[in-house]
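As you go down the protein sequences, you meet chains A and B in turn. Its first residue numbered 874, the first sequence is counted upward by one per residue in the working numbering. Its first residue numbered -18, the second sequence is counted upward by one per residue in the working numbering.
Check before you lean on any hint, since a few could be wrong.
[Said to hold, decoys possible] A partial selection of chain B residues facing chain A, derived with a Cβ cut-off under 8 Å: (1) Ser(-7); (2) Met9; (3) Asp11; (4) Tyr17; (5) Leu18; (6) Gln41; (7) Val43; (8) Val62; (9) Ile64; (10) His66; (11) Pro71; (12) Leu78; (13) Val81.
Worth flagging that the hints you see were computed from the coordinates, not collected in a lab. Just so you know, even glycine gets a beta-carbon here, dropped at the ideal spot from N, CA and C.
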Amino acid sequence: GIPVEDRSLSHIRCAGCVLPFEEVTSRNFASLQSPCQHSCELHKVLQEATERFRTRHCNLLFRGQYQDHSVGQTDPEPDRVSAAESQKSWKNWNNVRLTPIRKEARKSPLPQHRWNKHNGVS
Amino acid sequence: MFKNKSAWFSSSVPEAWHNFWRWEGGSMADCRRADYLFSEDATCADTLRIFESKDYLWNQVVVFHSLFLSVCERRQSVKSVCIGHYVLPPASVQDELRQVVGRLIWEFEYEQSV
Ligand SMILES: [Zn+2]
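Isolated chain A (complex conformation):
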């Protein structure tokens, strides 16, 4: 097979593919990989599909929280495990960090920027 360490193959092996275990954790993987402009096909598809999951799920939580925003659209996805609990923590967190988005844009720290990207807002 192709040696994993071979960085000369970076056009098909992106950061997500070549980063060694020592440098990667569950916490930093996303931030290590996202600046990489040359994601391999596999990681690109993975990233895009995961972003769609996040967007979908965030919307779901929003609808749970702001009843008035659930305009007749019934989502086929059932309420998941501990929905109440996750909504509760979501709400706390939402009050702190998300509210500004609903007003006009402030100087947005990075996470908000990401949020916008996920939702296709810009």
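Following the hints, complete the assembly by docking chain B with the ligand onto the known chain A.
Just chain B with the ligand now, kept in the frame of chain A:
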């Protein structure tokens, strides 16, 4: 192999891999603090909880497939095992990947390593 690293294991991960992790110097931690989150089943309740957490939705944490550990064990090393290939996404994302790529990333790596 795993010195100074902490891990959280989903209940879907066989006990043998918890033991392997500890045997190789790794420690255990709860899922909010662990350096590595391992699961074998994206539909397991404890793993779902992570996928639905704000950390996950904000792209601040990923879950790895415990297959990573079995490959490390087989090779007696973490050096040539690319952990980035063992990202375990939610089940719906896995379905999408299968449709587009025809396989999951770790399946690709696994084939290469055999
Ligand atoms: Zn890649």
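> Measuring from the C-beta of Met9 of chain B to each C-beta in chain A, is the shortest one below 8 Å?
Replying inline: 14 Å, violated
> Does the CB of Ser(-7) of chain B sit less than 8 Å away from some CB of chain A?
Replying inline: Hint violated; Ser(-7) of chain B Cβ to chain A Cβ min 14 Å, cut 8 Å.
> Does the nearest C-beta of chain A fall within a distance shorter than 8 Å of the C-beta of Ile64 of chain B?
Replying inline: 5 Å, holds
> Taking 8 Å as the limit, does the beta-carbon of Val62 of chain B come near enough to a beta-carbon in chain A?
Replying inline: 7 Å, holds
> Can the hint on Pro71 of chain B be confirmed by a CB-to-CB distance to chain A that is less than 8 Å?
Replying inline: 5 Å, holds
> Is the interface hint for Asp11 of chain B satisfied, with its Cβ closer than 8 Å to some Cβ of chain A?
Replying inline: Constraint on Asp11 of chain B not satisfied, violated at 13 Å.
>> Tell me if the interface restraint on Val81 of chain B is satisfied: Cβ within less than 8 Å of some Cβ in chain A.
In response: 5 Å, holds
> Minimum Cβ distance from Leu78 of chain B to chain A below 8 Å?
Replying inline: 6 Å, holds
> Going by Cβ atoms only, is His66 of chain B closer than 8 Å to chain A?
Replying inline: 7 Å, holds
> Close enough to count: is the Cβ of Leu18 of chain B nearer than 8 Å to one in chain A?
Replying inline: 5 Å, holds
> Can Tyr17 of chain B be said to touch chain A, with a Cβ gap under 8 Å?
Replying inline: 5 Å, holds
>> Can you verify the interface hint for Val43 of chain B: is its Cβ closer than 8 Å to any Cβ in chain A?
In response: Hint on Val43 of chain B: holds, closest Cβ of chain A at ~5 Å, below 8 Å.
When held up to the earlier numbered hints, the structure conflicts with 1, 2 and 3 and fits the remainder.
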